[in-house]
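All chains, full assembly: derive it from the sequences and hints.
There are 2 protein chains.
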Amino acid sequence: MKKVTINSVASYAGVSKKTVSRVLNNEPNVSDATREKVLKVFKELDYTPNPIARGLAQNRSFIIGCIYDNPSKSYITRVQTGALAACQGNNYNLLIHPCDLRGDALISNIEHLLHSSRLDGLVLTPPFSDFKVLVDFLKRKKIPYARVASAVLEDDSISVRSNDEQGAFEITEHLIKLGHKAIAFIKGHPDHSATEQRFKGYRRALSTHGIEFNERLVEEGNFSYHSGVDSARSILDLTPRPTAVFASNDYMAAAVLKLATQRQLKVPNDISIAGFDNAPIARHIWPGLTTIAQPVEEMTKQAVTKLIEHIGDPQEQPYQVTLEARLITRESTAQVK
Amino acid sequence: MKKVTINSVASYAGVSKKTVSRVLNNEPNVSDATREKVLKVFKELDYTPNPIARGLAQNRSFIIGCIYDNPSKSYITRVQTGALAACQGNNYNLLIHPCDLRGDALISNIEHLLHSSRLDGLVLTPPFSDFKVLVDFLKRKKIPYARVASAVLEDDSISVRSNDEQGAFEITEHLIKLGHKAIAFIKGHPDHSATEQRFKGYRRALSTHGIEFNERLVEEGNFSYHSGVDSARSILDLTPRPTAVFASNDYMAAAVLKLATQRQLKVPNDISIAGFDNAPIARHIWPGLTTIAQPVEEMTKQAVTKLIEHIGDPQEQPYQVTLEARLITRESTAQVK
DNA sequence: TTCAACCCTGACACCGGTGTCATAATGTGA
DNA sequence: TCACATTATGACACCGGTGTCAGGGTTGAA
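Note that the protein sequences, when read in sequence, are chains A and B. full-length UniProt numbering applies: residue 1 is where the first sequence begins, and numbers increase by one. full-length UniProt numbering applies: residue 1 is where the second sequence begins, and numbers increase by one.
A few of these clues could be false.
[Claimed, not checked] Listed below are the simulated DSBU-like cross-link pairs for lysine-lysine, each with C-alpha atoms no more than 35 Å apart in a straight line: (1) B:K37 / A:K141; (2) A:K139 / B:K17; (3) A:K141 / B:K43.
Honestly, the hints are just simulated from the structure, not real lab data. Fair warning: this is a prediction, and the values are worked out from it, not measured in the lab.
Below, the structure written as structure tokens:
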């Protein structure tokens with residue numbers, strides 16, 4: 001396989017390489033005849049421009065970085081799927097970069113990443129989406145970025161989220177309509193803005209339906225399965241035991257289910273359990289978890305698509321969208337007895 | 001932030017850029033004094049070489065591609081973790097590229113990927129690790145590659161695997177020692193070489209312990225949760241019902257567990273269930289699954305590390321390693337009654 | 001002392017594209 | 001028909017590194 005460069009194309013087509021470059025980039029000021037001719041040579045020689053050389057000349061890498069620090073692997077997988085879908089159509093690549101939110105070295109870590117890989121932009125996934133220190137840093141350095149699933153919509157950035165508060169409201173209301181009054185709640189990781197949003201939705205549903213909020217029914221989790229086990233223990237030990245548990249994600253809900261089952265409780269007859277996210281595990285266990293389906297892939301895909309547009313044309317408008325979350329009822333919730 | 005290039009370093013240190021380049025690449029023939037001086041300037045100016053420029057000059061991209069077509073997301077996640085660990089220390093990046101094994105366009109898809117992204121090498125994960133068409137193509141094109149979890153060790157390539165056959169043998173033997181004689185088996189995806197290996201281990205354990213192999217106890221799955229449900233249905237409908245089921249991965253085992261539980265069977269009292277891989281789900285459900293822990297991260301890390309070495313020095317020896325798989329017993333298997 | 005061998009160093013071309021600017025070709029209005 | 005604007009094209013430098021090679025300085029053996 002001999003290499004086909006812009007020079008071979010140029011000499012073969014009998015034009016200068018600058019003209020080939022013009023055709024490549026759809027620039028104006030090329031006659032139709034010349035453009036046709038060059039395009040034909042592209043096909044004949046099966047020419048693909050070298051992204052590295054382009055990158056060097058334009059100081060671009062055609063790579064988007066995706067940074068994350070998330071205990072939920074399935075969430076990350078879904079984020080990647082969405083991001084890849086956006087990259088593939090645009091000749092962009094996706095570089096994945098796990099890192100510590102809490103580490104003091106975070107900023108210098110990111111700085112090194114940007115510097116050494118010359119990323120064109122960054123996708124911020126929770127909990128980075130609302131991490132002010134980082135966002136401010138990127139703004140100051142003028143690094144293009146897009147935020148996925150952040151709580152707040154700013155005016156001047158790309159941000160795609162889903163309505164966590166409303167989702168939590170709906171699933172709590174679902175439990176209330178099944179007759180539940182004592183509904184325990186397991187919070188997510190304090191660094192994630194979704195944690196606060198979901199909690200708000202839970203409280204709004206309670207107050208909408210005239211149920212008094214009870215502090216003792218709330219446990220602090222961190223989205224990990226393990227934290228769900230700890231929270232579940234506290235909740236199941238309460239007397240009287242709540243008739244329902246709403247965990248801020250499916251992993252923690254699965255942990256509640258596991259512990260309840262270990263303790264010979266029947267789900268949903270003895271206790272109803274609801275989760276959030278519609279992670280694969282929600283349908284891999286018995287009983288299947290009632291949960292809220294978040295369009296994670298779609299959110300990320302839109303965010304990355306807009307990010308790439310923005311990189312190509314920095315004048316591009318900001319983009320602020322909220323997608324809908326959807327209630328999915330399965331076997332883990334039932335009428336209270 | 002002003003840009004620090006090799007030129008600034010060179011003029012600041014009072015040497016030519018070639019000398020700076022020599023220091024950068026640890027080349028010989030630089031006096032200690034000069035080397036020290038340049039290294040000091042690196043620090044003072046906080047210089048990081050531009051990988052794009054290096055890539056252009058050396059016709060390298062410093063990117064490893066990881067291709068996969070795997071229903072098990074958690075497997076992919078683990079592969080990524082291992083690959084990233086190897087990349088990070090070596091200033092390499094990881095590009096992830098899902099694609100269809102069965103598509104006729106596979107080769108041209110990969111060809112385009114290689115051509116347009118100038119990948120330095122490829123990590124082949126199952127089922128690509130043993131996909132002859134692709135391996136032959138890469139060999140012919142002289143693209144460096146490493147295989148993870150392939151069934152066969154070749155002489156001239158980088159390949160890191162774990163002992164699937166032995167793992168399957170051990171877990172089957174574990175069941176046999178618990179008194180099980182009618183042990184159903186669910187096969188994996190026919191494209192994956194692990195499928196055959198695990199089946200072999202199962203049969204070897206049976207014959208070692210003088211148990212006759214029974215074709216009717218074997219179901220065809222494909223590693224997906226869904227296929228596990230179908231297989232589970234057939235198995236649980238058998239009369240007499242087997243006292244144990246060994247599924248070729250944890251997702252399918254989880255499906256068996258779910259269906260058995262739905263049918264009011266007690267696991268492990270009424271039926272024992274064993275899986276393979278030690279996926280997260282194995283410990284997220286109740287009862288936890290007895291399974292075989294494969295060092296997926298470690299396999300991938302070693303494979304990628306060797307791949308990067310090989311790229312840097314094509315004379316590098318081939319590398320053929322088999323890591324050990326380990327039996328993990330949880331609550332899903334018990335003495336037969 | 002002499003000369004080859006070796007070590008260090010820098011000048012320069014090159015990787016494969018893009019940006020800038022000059023120039024040739026064409027079009028337009030008076 | 002001429003002056004001037006506009007379009008099409010190419011020459012050339014440049015992005016930030018690396019490869020090649022030549023030349024000056026040392027060293028060691030003859």
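Okay, the hints, checked on the actual structure:
1. B:K37 / A:K141: Roughly 30 Å separates the two Cα atoms, so the pair holds.
2. A:K139 / B:K17: holds (33 Å)
3. A:K141 / B:K43: Holds, at roughly 21 Å.
The earlier numbered hints are all upheld by this structure, with none contradicted.
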